[in-house]
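> Chains as they are written, first to last, in the working numbering: chain A, 157 to 333; chain B, 157 to 333; chain C, 157 to 333; chain D, 157 to 333; chain E, 157 to 333; chain F, 157 to 333.
Check the hints yourself; a few may be wrong.
The list treats identical chains as one, so a pair stands whether inside a single copy or across any two.
Result set (DMTMM-like, lysine to aspartate or glutamate): computed pairs, CA atoms no more than 20 Å apart in a straight line [what the hints assert, rightly or not]:
{"#": "1", "residue 1": "K192", "residue 2": "D202"}
{"#": "2", "residue 1": "K260", "residue 2": "E284"}
{"#": "3", "residue 1": "K212", "residue 2": "D297"}
{"#": "4", "residue 1": "K281", "residue 2": "D262"}
{"#": "5", "residue 1": "K212", "residue 2": "E191"}
{"#": "6", "residue 1": "K192", "residue 2": "D207"}
{"#": "7", "residue 1": "K192", "residue 2": "D299"}
{"#": "8", "residue 1": "K260", "residue 2": "D326"}
{"#": "9", "residue 1": "K167", "residue 2": "D326"}
{"#": "10", "residue 1": "K274", "residue 2": "D262"}
{"#": "11", "residue 1": "K260", "residue 2": "E283"}
{"#": "12", "residue 1": "K274", "residue 2": "D202"}
{"#": "13", "residue 1": "K260", "residue 2": "D327"}
{"#": "14", "residue 1": "K212", "residue 2": "D299"}
{"#": "15", "residue 1": "K260", "residue 2": "E174"}
By construction, these hints were calculated from the structure, which means they are not laboratory data.
Protein chains: 6
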Amino acid sequence: MVEPLPDATRKYFDVCQEKLGMIPNVLKAYAFDVEKLNTFTAMYNDLMLGDSGLSKLEREMIAVVVSSINKCWYCLVAHGAAVRQLSGDPVLGERMAFNWRTAKLDARQRAMLLFAEKLTTESHKTEEADRQALRDAGFSDRDIFDIASVAAFFNMTNRVASGVAMAPNDDYHGSFR
Amino acid sequence: MVEPLPDATRKYFDVCQEKLGMIPNVLKAYAFDVEKLNTFTAMYNDLMLGDSGLSKLEREMIAVVVSSINKCWYCLVAHGAAVRQLSGDPVLGERMAFNWRTAKLDARQRAMLLFAEKLTTESHKTEEADRQALRDAGFSDRDIFDIASVAAFFNMTNRVASGVAMAPNDDYHGSFR
Amino acid sequence: MVEPLPDATRKYFDVCQEKLGMIPNVLKAYAFDVEKLNTFTAMYNDLMLGDSGLSKLEREMIAVVVSSINKCWYCLVAHGAAVRQLSGDPVLGERMAFNWRTAKLDARQRAMLLFAEKLTTESHKTEEADRQALRDAGFSDRDIFDIASVAAFFNMTNRVASGVAMAPNDDYHGSFR
Amino acid sequence: MVEPLPDATRKYFDVCQEKLGMIPNVLKAYAFDVEKLNTFTAMYNDLMLGDSGLSKLEREMIAVVVSSINKCWYCLVAHGAAVRQLSGDPVLGERMAFNWRTAKLDARQRAMLLFAEKLTTESHKTEEADRQALRDAGFSDRDIFDIASVAAFFNMTNRVASGVAMAPNDDYHGSFR
Amino acid sequence: MVEPLPDATRKYFDVCQEKLGMIPNVLKAYAFDVEKLNTFTAMYNDLMLGDSGLSKLEREMIAVVVSSINKCWYCLVAHGAAVRQLSGDPVLGERMAFNWRTAKLDARQRAMLLFAEKLTTESHKTEEADRQALRDAGFSDRDIFDIASVAAFFNMTNRVASGVAMAPNDDYHGSFR
Amino acid sequence: MVEPLPDATRKYFDVCQEKLGMIPNVLKAYAFDVEKLNTFTAMYNDLMLGDSGLSKLEREMIAVVVSSINKCWYCLVAHGAAVRQLSGDPVLGERMAFNWRTAKLDARQRAMLLFAEKLTTESHKTEEADRQALRDAGFSDRDIFDIASVAAFFNMTNRVASGVAMAPNDDYHGSFR
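Based on the sequences and whatever the hints tell you, model everything.
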């Protein structure tokens, strides 16, 4: 981490500590360069916490399903905990991480995860028919942009985390079980 | 696109028009939401144009190799042109896009692209030995962070572009041939 | 389940209830046919609880790594809990389930899991060199038989469980966290 | 092999010799440990020779199709011979071993082999729709259990055989041609 | 190349030079053995230039799509140029080479390329239903033979070119852009 | 088949009947067009029967190994018989068809089949190091051309045969067992 941290960063980390009880290791991993940290957090916060037709839980479900395909240790632990927290259903978090098809999902969420899965494993075969399936399940074109963006974002973070061997904070493991 | 565009965005687009002769379609695709546009351009500019032990050409080579594996139409066209431009070698751009192993590369660039390829196709198998191979080829740990980040970023953009069917500007096709 | 259960089966279930606090759902799933239940439990008990040069924890690690590749909901939940219990290390169980390469393993356990992984994903390429790598890591030929047998067994149970949609007992999820 | 063989094992081997003209090498391979041999033969005999809605030929067809995907030398030779014998159709055995889709099958057997194939290659994607396809082809839920169990069993034996390099008896090769 | 070249070969090369402005490197690569050169050119000319229900452009589209899957440097360059030339559409050539699904195709050409793709990636799963899909799109059985033959031919040439590292003539790169 | 067959074709078929006891179905499949038949047989005869540093048996071994990966019913049956015939070893033919790694091969033949396998499954990754491995095993560059050509040729014929559903002559099945 750069020393000293800029005030804005310090404050952001204090908020994390207060609200989450920890500073997520991914933030510390980026903190050797404040610009990189800022671009990461700006994109993360917009995608995962900003306005969207997708609920926060749905966005976290996409995060975990993508991370499960990519077997990303960091993201499975951190976002698995988020699914457990947001859903209040500890088993749902494990289902997303282990095999999302075992979860009882409505047609909307199933369509959403099928699209995220296809984008992850064979994005080049995505066609208008795949987008139409999302519309048929009730998603708007803006929602489709968000599904694609969230799935794509975790295809990025999974690879950064695996590429530089990021390890998740220990506190995630036992939380919301 | 939001109407009217904020001044900063308008200026950014004007700079694009002036320097590139076009506004890249990816920017227009994000311009329905200025926050999303900004987070995308901030990350892109930091990664591809900011300080790094990797040359801009090397970063574009990673972009094209990743996009070739993912068969992303938008990124292959736009970043293939960038490799042609930055290298002054039109054939190199096509080699990166069609099959990077056909290019005559020094040990450094070969190691860099092998790592980017592995992160793209089986990121979960990345191990310390893979990072050590980069160090042995002369890369610092900061460089490794940048290789991973650039490879990961295009694993994101490839999927956004394919997910929402972005089409590259026609001007790329004939440029720097 | 057949009604009434034969005495021996009833006793076996009582022992499970007493020692594990539950009757594992896999046993109930087989109990429609006592012969099938008996052949399953006989093989399971011999492989996982019988004499072997592999510790019980090592056998459970193989079980989870194989089940992770096959994304078997039942086995990941049940045997992930077993790794947590036997190792006293809740994080180790999640590492095995999410991405075993993130675990710090000695050369012996790494060789063991590489062999189990190869048997699971491309068994037809197993060659004498693969067995020699196990011998070099200190395993005897009898140990190799056991590694192969345990890895193979979970390649069976994963497919039975997924094929007929077995669900693990809820009690596993929160245990040994 | 343990020396001397227990009486029951000796008798079982004698029956093999009498009925098959050989002791299958897989039995000799397990005979270093009578308990392992017994658990293997008990499960094998229940699955392949016990009561089932599947004919013995159908079970052998599943065995060969699974072994073909896994390229298991032992099982392709031994169970290919069994398909030739039970069907009285030497070409059918080769079709199952080389490419089952070239065989003219009725809807029932095609559905059965599609399910066995999916369980072998991507078991985690097995869903209720796959089981419904079997029911639509006339299979009961008990039959589905048997299809899954037989397919799963050969996913086990293929890996034991490849893992420890079992070689089939030479007598299989020319038989029932 | 054999020295001197037989008269017929010399004439053939002169025709190439005159009509194409170059002698394609593949011909020079085969010219160490005139019989091999002749069998190659005879098959090539029959398939790509002979009578067929497929237009020459369609055959070149198949060539590029197959070569894209196999990432064949030589064939992507040479036949990418041919698609640009025959279609008069420089972008179409790049679409075929980078990701054919991004091209706007009519139902006939889409069916043709889906079949070529399947033959390339999982030929053993080709079934009557796949051929029927081609008939439904307007192709005759003779046309199907030609689609299969052209797709298969480039699955051969891709592997010869990659196997012996053939490099395409430089003149292809800038042509018909 | 065209009627009447040209004299040369008729004679060729008569020779087949005399020497092989049959007219291979592949020839009949091509005989609807004499030019296609001739280009096929010319290439086949040059590659499989012409001068080469590879023995005829070695070429047939490549044919079967490639066809095994592609699961081509026609070629596995016809060339499996050829390996049985040329080697006088019926088991060797089955090993090549089922899993070539189970065969005891010298370093030369193992290197040859590894190269053929790589060309078949991931030809784009073939590099100078792969060719050097062949040279180290005693092959000349001309031999490498032949290995690549034979492996490539069967990657073609496998796809024609599967694409148009060619069935091998029944006489192959029982021969040379």
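> Indicate which option fits the pair K281, D262 if close means a Cα-Cα distance not exceeding 20 Å: within, between, both or neither.
Between copies only: 17 Å across, 25 Å inside.
> At most 20 Å between C-alpha atoms: does K212 with D297 qualify within a copy, between copies, both, or neither?
within (18 Å within a copy, 34 Å between copies)
> How would you label the pair K192, D299 (within, between, both, or neither) given a Cα cut-off of 20 Å?
Cα proximity of K192 and D299: across copies only (14 Å, versus 27 Å in one copy).
> Could you place K167 and D326 in one of the four classes (within, between, both, neither) given a Cα distance threshold of 20 Å?
Intra 23 Å, inter 41 Å, cutoff 20 Å: neither.
> At most 20 Å between C-alpha atoms: does K212 with E191 qualify within a copy, between copies, both, or neither?
Answer is between: at 18 Å across copies they meet the 20 Å cutoff, but 26 Å inside does not.
> Can you tell me if K260 and E283 fall within 20 Å by alpha carbon in one copy, between copies, both or neither?
Between copies only: 11 Å across chains, 26 Å inside a chain, cut-off 20 Å.
> Could you place K260 and E174 in one of the four classes (within, between, both, neither) given a Cα distance threshold of 20 Å?
neither (34 Å within a copy, 31 Å between copies)
> Given identical chains, is K212 near D299, meaning Cα to Cα at most 20 Å, within a copy, between copies, both, or neither?
This pair counts as within: shortest intra-copy Cα distance 13 Å, inter-copy 34 Å.
> Within, between, both or neither: how does the pair K260, D326 come out at a Cα-Cα threshold of 20 Å?
For K260 and D326, the Cα distance is within 20 Å only across copies (15 Å; inside one copy 29 Å).
> Which holds for K260 with E284 at a C-alpha limit of 20 Å: within a copy, between copies, both or neither?
This pair counts as between: shortest inter-copy Cα distance 11 Å, intra-copy 27 Å.
> What label fits K274 with D202 when the C-alpha limit is 20 Å: within, between, both, or neither?
neither (23 Å within a copy, 29 Å between copies)
> Up to 20 Å between alpha-carbons, please classify K192 paired with D207: within, between, both or neither.
between (23 Å within a copy, 11 Å between copies)
The earlier numbered hints that this structure contradicts are 9, 12, 15.
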